[in-house]
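Visitor: Join the two chains into one complex using the hints; note that each chain is given alone, in its own frame.
As a plain string of letters, each chain reads:
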Amino acid sequence: MASTTAHSLTIALAGNPNAGKTTLFNALTGLKQKVANYPGVTVERKTGRWQLNGSGADLIDLPGLYSLDATSLDEQIARNVITGEQKGVRRPDVVVAVVDATNLERNLYLVTQLFDYKVPVVIALTMIDVFEKQDHEINIAKLSQLLKTPVVAINAKSGRGIKELAKEVHNAAEKGESSAPVFSDVDETSGPHAKIFARYSFISKAVQESTRHNDTPKLRISSKIDKVLTHKFFGLVILVAVLLVVFQAIFSWATVPMDLLEQGFGGLSALVKENMPPGILTDLISDGIIAGVGGVVVFLPQILLLFLFISLLEDTGYMARAAFLMDKLMSKVGLHGKAFLPLVSSFACAIPGIMATRTIENKRDRFATIMVAPFMSCSARLPVYTLMIAAFFAGQTIFGFISVAAVLMLAMYALGIAVAVVVAFILKRSVLKAPPPQFLMELPEYRVPNLRTVLQNMFTRAWLFLKRAGTVILAISILLWALMYFPRDLSPTPAADSSTTQAAVVETGGEPVEDVVKESEQLKHSFAGMLGHTIEPVIRPLGFDWKIGVALIASFAAREVLVSTLSIIYNVGKDADAESTTLVAAIRDAKGDDGKPIWTPLTALTLMVFFVLAMQCMSTLAVVRRETNSWIWPIFMFSYMTVIAYTAAFLTYQGGRMLGFE
Amino acid sequence: MKEKMAQQTTLNTLEIGASGRVVAVNGDSRITRRILEMGIIPGVLVKLVKSAPFNDPIEVSVRGYNLAMRRSEAAAIEVAL
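Line by line, the protein sequences give chains S and X.
Residue numbers for the first sequence follow the working numbering, beginning at 1 and rising by one.
Residue numbers for the second sequence follow the working numbering, beginning at 1 and rising by one.
One chain only, chain X, in its complex shape (with noise of 0.2 Å):
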């Protein structure tokens, strides 16, 4: 229930600094699979570290390391607030 509550959103549109639990990983491509492979799956926390100089890629810290990521890629990463 508590889930439910929560404010649901996708990790490109998370302000700088904030951090959420990841919901989700959509889609079923190599992308997809690598970024589940790289430890971003369901219950883990992720912070938007930061993002270059044209607004993308960002920086994503995840399980203590940080991964860079573009935009179109973090949108398919659902996370909960």
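So that you can see chain S by itself, here it is in the shape it has in the complex (with noise of 0.2 Å):
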């Protein structure tokens, strides 16, 4: 039981992507673990505690990785923390070498370069069941005494060789030193890349005295599911397909939680103006908070669910075949094709497709998708163009059979993705500059998901998600609220009230009369109306009154905002949704100062092109941020997005009154 060491041990787990490191590290630190980032860099950061002996043990996770050489971010930073240099981290006591038995050869590569910073190491052999199954074998205990490390078999799921592997820790900790070979001083002058071929040579020298293969190997079963996975027919077919079933579940699985989000946090508001006093202090709780908040969590069911599904993709192998299969598609714009995925989540919300870019290991080819995700029509864009169709152009087919709502909706989706290739194609030409993205990329075995690994993921990247947009999200949510709850009308004479509301209202959507027109007047008096009022002039080229500024500036905090955005200063009450016939009535009779209407089916078509391209989201914005860790890039992206929304925008509407549309 007592440890002889002064202080508690550092130890950091290194391997091979797919060798089975997560799976290890969450059975050594069950429930126990921090996931943040390396100081100034997106590398992520999982660091546990580990019962070793008695006593605790921190672990630290380092990024998947094949080399050691610093050649990317992710191996710079494993390297750093292996030679003691990252700050905040304490130099490692003992590295444990996860290695996958099935891939001895690669996989021990990277070991060979752990013997070379002289820590000492300890060989985690995992899939031995698998390779065993495939009738080969292996000699431990060869094994160990030719690596002169020791190695030991593990199954994180079953346990075994889990208390061995504490024991071998332990035991190499007190050596202290490492008695492995080394082969940084292999000589270079007879090539530049002698030292590889000197750690393989020993390498494999080492996996045939230890080894015995089954000469007539089975087929494997991953290379029976990939006769049909990666068919250059069926292939694709079964990628679209598994797409429908992840959008299916996103848009109507998501849909249940996602209203009870929305009553729930609709009743907490309502309880909160119910139960204090009326004022400032409980508009800010109910309507700048709780509804801030409540905007951003709503939208939680959907990235939970698409997060589930990319950690699923991954863990399973076939997010490595998405990429194998688009690649020549992807590669054509520039990008890489491992950038498809991330792109497709887009369409349900870019938050998780940005999150998900992480893969795509060049960090020009990353930062390219990530700044054209936002162009995929997300989930939050629906509620806009759904309000936009329903007032102008439902019902209402082309040849008699074609519905124009259809059509425009398919037009809204096409519109950002050939903007998004555009802009894809420009970037990799100008600001991201590069070299066509290498693409070498292991297919691995196909692997029955590890539930507990694939939730656990899932839980991770939602909460980060929470943690990083959320404090952006709330300072802008209380920012707009003020916006149109400032200055307030302190003495409102009821009797002025009233008598402005005869004119003005036309329906409204049960709430009384009077709160809602007060509400609409508010608005209109309030910052945000004078900055509708302002910005005018610049928005007038579109088509678009001070009233529809009002709803620009609003559906900043996020686009859906728009719809109640309009029901507010159309007097209909703000919880109509865009299928509100009351709301598209208000909006059919806007008229303006010269008594046309505002709205024609032009006007509409103009701000759903203005929606499909321009950056209205700032949970995006707040993600970017942090996933480039700079505040550059989010600028550009804003600023870029809004120049191409207003220029497609404006040719839209003058196009189409060129064209004699009005």
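If you are wondering where the hints come from, they were derived from the structure by calculation, not from laboratory data.
No residue lacks a Cβ here, since even glycine has one placed at the ideal position from N, Cα and C.
Misleading hints may appear alongside valid ones.
[What the hints assert, rightly or not] Partial list, derived from the structure: chain X residues whose beta carbon lies under 10 Å from chain S:
1. Ala18
2. Ser29
3. Arg34
4. Glu37
5. Gly43
6. Asn55
7. Pro57
8. Val62
9. Arg63
10. Gly64
11. Asn66
12. Arg70
[Unchecked claim] Here are the in silico distance ranges between beta carbons for each label pair:
13. S:Gly30 x X:Arg21: 32 to 38 Å
14. S:Gln208 x X:Ala24: 21 to 27 Å
15. X:Arg21 x S:Glu174: 42 to 48 Å
Guide: And the structure:
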């Protein structure tokens, strides 16, 4: 029991991607783990506590790597951790190298690099049951002797070898030195890659002497599955089917908890209103904070589901196949095959899409993907499209049978994709100029996903989103609320109020007429209303008046807020939704000062085009800020998307007018 | 002498299902280094398993695992049939 080490041990976990590192980490630390970023970079830093022979040890999970040569950020960080140069991380006393038995040679390459740093290494051999099932044999004692390093066969799921691993790590820490062979002094005059050759010839020899392979290996299950899943034709069909299932889940299953959350926050907001004395504080809490936080949390079911699918696809090994199938198409635009799934995810919500770009190793490829992800029409744009279509294009057909609504909807999605393609093409040739991305990607064996890893992954990412975006979103929500709330008309005379109502009210959505009108009047005289007036000259050429301007400003909180803001402006009560007939009627009836209708089908189309292309989502900007670790990229994203959106909307409106549409 | 006799080509031109022994990996870029680090070094046996729907990238089997790479990357890998 008694540990002789003076300090608590620090142990690092290193290994190739897909070697079973995460599963082992979860098994060793349980739920006691912390996920954060290394300071200044977006490499994930996972730490936890491992109960090691009675004393606790700090366990650091290094990013999955193939090499320690520091060509990628992950490798650089991993190397810094191992040498003790990484700020805030103690130099590890022992490195546990996770090695996949079914892929020994390549996995051991990283191990020979670890040897060079003279840190004690203990090898945890995973997938040993799979290896033996393939009728191969391995002599672990022999391998250990040849590598001059302890080797322990483990199975994180069943717990096999975990105790022994703890014992070996403990011993290695006490011994404090490594007797393994070192390759750092291999002469490289014979060629630049002599060190790589030396490592592999050492490895090949060790593996040959310690394993016996079945001469006629059975066709591996993975190859059988791949015959279908990466088939030239069926592979693509299945990929589309998989995506359909994901979207079906996001758009139909997620609506149930989303509606519940929406009702919950609405109820909470009302409860605050009822039980607190009326005043600024009450309004701030109920309309500012609760509504603002609610607006973001409502998307959580969707984001969780999307993360669940992404984790599942990653853990089974399908993600790599999707990248394999789509790389040719993606590389035409200058993007990596791995950009495909993040971009497709962005059709549900750009946030998980952007967070999923982490699998793209090259920074420039990754940033280019992040920059175009918000062009994919996300679910928050749907209410806006729905409202516009319901108001001006419902029931119309082309040639008598093609619904205009469907064509428009499809056109909006297509527009987003087309602009994304063009922008990616330009970015990869300008700001993010880089040689065509290297592809070289392992196609790991298919695996039954580990439920725990998948769920843990899902919750970790969702939590990161809440934490990362939450503070910024809360701040901006309060700011937007204040813009719409102040300045307050402190002494409203009920008489004066009601005199203005008569003309203004068309219909209301069930709220008391006076409240609705008061709300609308307040908004008109608020800072947001003034801002709407200020930007009116700018948005006039798009056919928008200041009221639409106010809605545009408010929709920066989240796109779907446009609908509720328009409802307030047109006095129909803020609870009207996109299909509300009263809101649709109010929009159709809205008249400008000159008595002409504000909204025409052309205005509606212009607004839709603007919404496809404009960056009106502070949550996305907050996540981009975190993922790129700079303010420059979110500011750039906001600016260039706004310019594109304005230009496209301008062309739509003015072009439409020139063609004779009003 | 036998080496000379063997027909030599590059990995990207192999037929699907064909294998060869790596003779050299040309170039000195990061990608060359990465190819070598992944275990594709002279002497090792590689097999072209399949190509993706648009004929690129390709799937290569090496040292008992599978690796996807673009044909342009495979062109740097010389193999003897």
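Visitor: Confirm or reject each hint.
Guide: Hint check:
no.	hint	in the structure
1	Ala18	violated, 16 Å
2	Ser29	holds, 9 Å
3	Arg34	holds, 6 Å
4	Glu37	holds, 5 Å
5	Gly43	holds, 9 Å
6	Asn55	holds, 7 Å
7	Pro57	holds, 5 Å
8	Val62	holds, 8 Å
9	Arg63	holds, 5 Å
10	Gly64	holds, 6 Å
11	Asn66	holds, 4 Å
12	Arg70	holds, 5 Å
13	S:Gly30 x X:Arg21: 32 to 38 Å	violated, 47 Å
14	S:Gln208 x X:Ala24: 21 to 27 Å	holds, 23 Å
15	X:Arg21 x S:Glu174: 42 to 48 Å	holds, 46 Å
In summary, the structure is inconsistent with hints 1 and 13 from the numbered list given earlier, while agreeing with the others.
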